[in-house]
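One line per chain: the protein sequences are A and B, in this order. In terms of the UniProt record's numbering, the first sequence has 99 at position 99, counting the first letter as 1, and numbering is strictly consecutive. In terms of the UniProt record's numbering, the second sequence has 186 at position 186, counting the first letter as 1, and numbering is strictly consecutive.
FYI, nobody ran anything at the bench for these hints, they're computed from the structure. We put the beta carbon where it would ideally sit given N, CA and C, even for glycine. Heads up, a few of these hints could be off.
Claimed, not checked - With a Cα cut of at most 30 Å, we get these calculated DSS-like pairs of lysine-lysine: (1) A/Lys195 to B/Lys7; (2) A/Lys53 to B/Lys384; (3) A/Lys8 to B/Lys335; (4) A/Lys317 to B/Lys373; (5) B/Lys38 to B/Lys162; (6) B/Lys381 to A/Lys317; (7) A/Lys53 to B/Lys135; (8) A/Lys311 to B/Lys384; (9) B/Lys18 to A/Lys348; (10) B/Lys19 to A/Lys194; (11) A/Lys53 to A/Lys156; (12) B/Lys137 to B/Lys38; (13) B/Lys138 to A/Lys52; (14) B/Lys135 to A/Lys194; (15) B/Lys38 to A/Lys9; (16) B/Lys373 to A/Lys348; (17) A/Lys216 to B/Lys132; (18) B/Lys255 to B/Lys318.
Unchecked claim - Take a look, some chain B residues computed to stay more than 10 Å from chain A by CB distance: (19) Asn22; (20) Lys33; (21) Glu56; (22) Asp83; (23) Lys137; (24) Lys140; (25) Asn151; (26) Phe160; (27) Asn184; (28) Leu209; (29) Asp233; (30) Arg244; (31) Asp311; (32) His326.
Spelled out from the first residue to the last, the chains are:
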Amino acid sequence: MMSFLGHKKIIDDQDLGILYISHNNMEPLKVCRGQVTQTKYGAIRHSDVIGKKFGCRIMTTNGKGWVVLLQPTPELWTLTLPHRTQILYFADISLITLKLDLKPGSRVAEAGTGSGSLSHAIARTIVPTGHLYTYEFHEQRAKQAREEFESHGLSKVVTLSHRDVIKDGFDDSITVDAVFLDLPSPWLVVPHAKKVLTSSGGRICSFSPCIEQVQKTCTALSELGFSELETVECLLRPFDVKYSSLPEPDLGVPAKKTDSETEDSDNGKTEGNTKATKECHSSDKFQNEGEADDDEIAAKRAKLEENALPKCIQRRKNPQSYSRCVVPQREITGHTGYLTFASLYEFKT
Amino acid sequence: MAKQPEKLIKENVHVLLKKGNNVKVFRAERDRKIVFDKRTFCLNAALDQPFGTSWEVSKNNIIPVRTTERLQGEVQSASDNRDIQDDTGSQRLDRDDIMNLKEQGVSGEGIVEQLVDNSKSFTNKTAYSQEKYLKKKKEKYITKFTIYKPNVRLLCGVFFNKVPSPKIICLREDTLAQLLTCTNVQAGSKVMVVENCQGLLMASVLERLAGKGTIVQFHSEDRPVMIAEDLLDLPCEYRDIALRMQLRDFNKVVKGEGSSCLKGVAGEEGDIAEAMDTHETGHSGALVSEDVEAQEEDSLTHKTRKRDFKDNSEREKKKIVRMEKHRKIKELLEKRDMDSLLIACRFQPALLLNHLLEYLAPSRPFVVYSSFKEPLVECFKQLKDNGSVVNMNLTETWLRHYQILENRTHPMISMSGTGGYILTGTKISYT
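Between the sequences and the hints, there should be enough to build the whole structure, so can you do that?
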């Protein structure tokens, strides 16, 4: 059976994979012999995929492009899963995992399950000896999540209960090393959490979008004797690496002079670049005018080709003025939620 | 699960002392004097007590702290600060008075009480301001700390607060967390690691594998730096799965029998190895952070490593062990079936990434950390051009701490400006 845990090499019939179509364009795909899936690069026949390795390029039937079927990981799942609720993303998931001290063998309680984004990551981290008890009060969501855990091979590590923890608390027969809360009134669950959390350094984390929720949760935590309270916010800042044009300004300086001027201009690395750019400009000019055609220019031209700009750039005006630049994305997620962490140490005295 | 015993502070295990932002790791030894928060004391009283207990230093000993009670009961306070004058005359006690009190053996709490009694302005302060004043004074005069069992989370904080040097990478906790998550590290994984994080990344991976799977570590020092592994007291069965080899042996061991066959193909590689050689000589000791207790151990093992004392047969034996290890690594890598690749080192990552990516199985993730964006752009460019990778993302994270207090909730005044940059991606293959 397909599993998110462990590492699988060969694609079998009925396996779940993550179909990579292009950057930021992926979708889950269940492989079924006989079926065909359409992508923007053309169709792929599932029977062509079976027996191949995960992570191999698959040509579409029209030969126009390729896609890749990747083995699902909790991180890929987070990016492609069907949303039934707001979900937790990579940066928060990572920090939660580390700061709840999760490792193989950890026993964890989670409320609520939601779409199961975090649950997959927790399960991956605590296998093979740990266990995740996850609670969801919405019946249909609970059912869907249970089916997912089942088909993703997580049943051995994850137990899902359809239960309202605010009203009914956790299953008191369990003891856990960590509790994670993602529900509207976490402060109401803190007393329940304390009952199942180990008192020798158990960890708790609450995720809340609003500061008022954090305030109430912190009050509840300190009143119940939790220590090491800490509230943080962690935001991912993605960068685009792309070709961008930064042409030379036209100061009306005759092109011929630039060659000698570069000799005593900047220093360091940038000099080389500007010099090359300027010279290329002038070489273009020379050729157009049919004046110069010496070896030097040919060599420089070859050097430029070495830089191998993509074709789409080469077709543009002044391709030499393009270089790879790093730009923060124009619009990013500015807030996900506050993460509040605390520890529970209690001693019989 | 035998949970209870490891929750007690046993002799010779490592303990982490935490007082506010002041955190240090020591080895719990009987009668051994340690220096923490400018005080010298023994940890004897804490031995066989549970982790998580709080202690106060009293003379050269420590006494358990039961509760954290408020010092003052009902005190008069003002509604604003209009009567507060910015002068130095509000405190009647001077330095000598305080020194006297200390010499008389007055406790920290006692001194703070006296300071409050002798402060002309205390009652003119607002209740919030009084609380802040008390907190500050207590921090100064009372050495009260909690003893924790070192773990990856706490240790990351200790290492990150160290002054960074070009030789050591201080990973911020969110960054370390992401390195481990994005590479899908789990029990049973076959992982490749190159790091200069004082062993913190290695230790975290070892902990996440929990004795199942394999790690190949390429270390740039003569000896792998294992400070974090030592401080975490990782069990032997966790550490035994690590296959460690020197980075400069990579060419010889992995790429071919002798280095000669490769010199022609990849000349630059040999250059790199040589460059590393010259960098490496002799400063593996310097990587040890100064006040970490493990330093001593390390220098001890260093002494035993000194070649002059070793007789030939022992050297021969070591050589055989090393050859065997190298053979294992070569065999493992040659399958080109590794599950994760993590790079967080102080070298140019592009070449390293290029070489090691070859051994990663398709559909498996890798991550490269750098304190700078530029080297990662270089990697990005290289991988984009050869088309062996999808889902490449260059990111950084912003980590902000909050003060959560009634009516006084706000982000902390100062925050970490950078946690470095990471480049993540998934390897793919043509066939």
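Outcome of the hint check:
Note on lysine 195 of chain A and lysine 7 of chain B: the hinted pairing holds, with a Cα-Cα distance of about 19 Å set against a maximum of 30 Å. Between lysine 53 of chain A and lysine 384 of chain B, the direct Cα distance comes to roughly 21 Å. Compliance with the 30 Å bound is thereby established for this hinted pair. For the given pair, lysine 8 of chain A sits about 15 Å from lysine 335 of chain B by alpha-carbon distance, which is consistent with the 30 Å threshold. About 28 Å separates the Cα atoms of lysine 317 of chain A and lysine 373 of chain B, which keeps this hinted pair within 30 Å; it holds.
Among the hinted pairs, lysine 38 of chain B with lysine 162 of chain B is consistent with the structure: their alpha-carbon atoms are about 18 Å apart, no more than 30 Å. For the suggested pair lysine 381 of chain B and lysine 317 of chain A, the alpha carbons sit about 22 Å apart, so the restraint of at most 30 Å is met. Taking the CA atoms of lysine 53 of chain A and lysine 135 of chain B, the gap is near 61 Å; set against the 30 Å cutoff, the hint is violated. Restraint check for lysine 311 of chain A and lysine 384 of chain B: satisfied, since their Cα atoms lie roughly 14 Å apart, inside the 30 Å limit.
Restraint check for lysine 18 of chain B and lysine 348 of chain A: the C-alpha separation of about 22 Å stays at or below 30 Å, so the hint holds. Taking the CA atoms of lysine 19 of chain B and lysine 194 of chain A, the gap is about 25 Å. The hint holds against a cut of 30 Å. Distance check on the hinted pair: lysine 53 of chain A and lysine 156 of chain A sit about 26 Å apart at the alpha-carbon level, within 30 Å; holds. A distance of roughly 15 Å separates the Cα atoms of lysine 137 of chain B and lysine 38 of chain B; the hinted pair therefore holds under the 30 Å criterion.
Proximity of lysine 138 of chain B to lysine 52 of chain A is assessed by CA-CA distance (about 66 Å); at most 30 Å being required, the pair is judged violated. Between the alpha carbons of lysine 135 of chain B and lysine 194 of chain A the distance comes to roughly 28 Å, so the proposed pair stays at or under 30 Å and holds. Straight-line distance between C-alpha atoms of lysine 38 of chain B and lysine 9 of chain A comes to about 56 Å, which puts the hinted pair past the 30 Å bound. Taken as a hint, the lysine 373 of chain B and lysine 348 of chain A pair is broken in the structure, with Cα atoms around 51 Å apart against an allowance of 30 Å.
Proximity of lysine 216 of chain A to lysine 132 of chain B is assessed by CA-CA distance (about 22 Å); at most 30 Å being required, the pair is judged to hold. Between lysine 255 of chain B and lysine 318 of chain B the CA atoms are separated by roughly 22 Å; this keeps the pair inside 30 Å, and the hint holds. Against the 10 Å criterion, asparagine 22 of chain B stays outside the reach of chain A, whose nearest CB is about 14 Å from its own CB. For lysine 33 of chain B, the shortest C-beta to C-beta distance to chain A comes to about 26 Å, beyond the 10 Å cut-off, and the non-interface label holds.
For glutamate 56 of chain B, the condition that its CB be more than 10 Å from all CB atoms of chain A holds, with the nearest at approximately 16 Å. Annotated as non-interface, aspartate 83 of chain B keeps its C-beta farther than 10 Å from every C-beta of chain A; the closest such distance is 30 Å. Listed as a non-interface residue, lysine 137 of chain B keeps its Cβ farther than 10 Å from every Cβ of chain A; the least gap is roughly 21 Å. Lysine 140 of chain B, annotated as away from the interface, keeps every beta carbon of chain A farther than 10 Å; the closest lies near 22 Å.
Chain A draws asparagine 151 of chain B into its interface by the beta-carbon criterion, the shortest separation being 6 Å against a cut-off of 10 Å. Against the 10 Å criterion, phenylalanine 160 of chain B stays outside the reach of chain A, whose nearest CB is about 13 Å from its own CB. The Cβ of asparagine 184 of chain B does not lie farther than 10 Å from every Cβ of chain A; its closest approach is about 5 Å, which violates its non-interface assignment. Interface exclusion of leucine 209 of chain B from chain A breaks down, the closest Cβ pair being 8 Å apart, not more than 10 Å.
The beta carbon of aspartate 233 of chain B is kept farther than 10 Å from every beta carbon of chain A, the shortest such distance being approximately 14 Å. With a least beta-carbon separation of about 21 Å from chain A, arginine 244 of chain B lies farther than 10 Å from that chain, consistent with its non-interface assignment. Non-interface call for aspartate 311 of chain B relative to chain A: holds, since the shortest CB-CB distance, roughly 42 Å, exceeds 10 Å. Against the 10 Å criterion, histidine 326 of chain B stays outside the reach of chain A, whose nearest CB is about 25 Å from its own CB.
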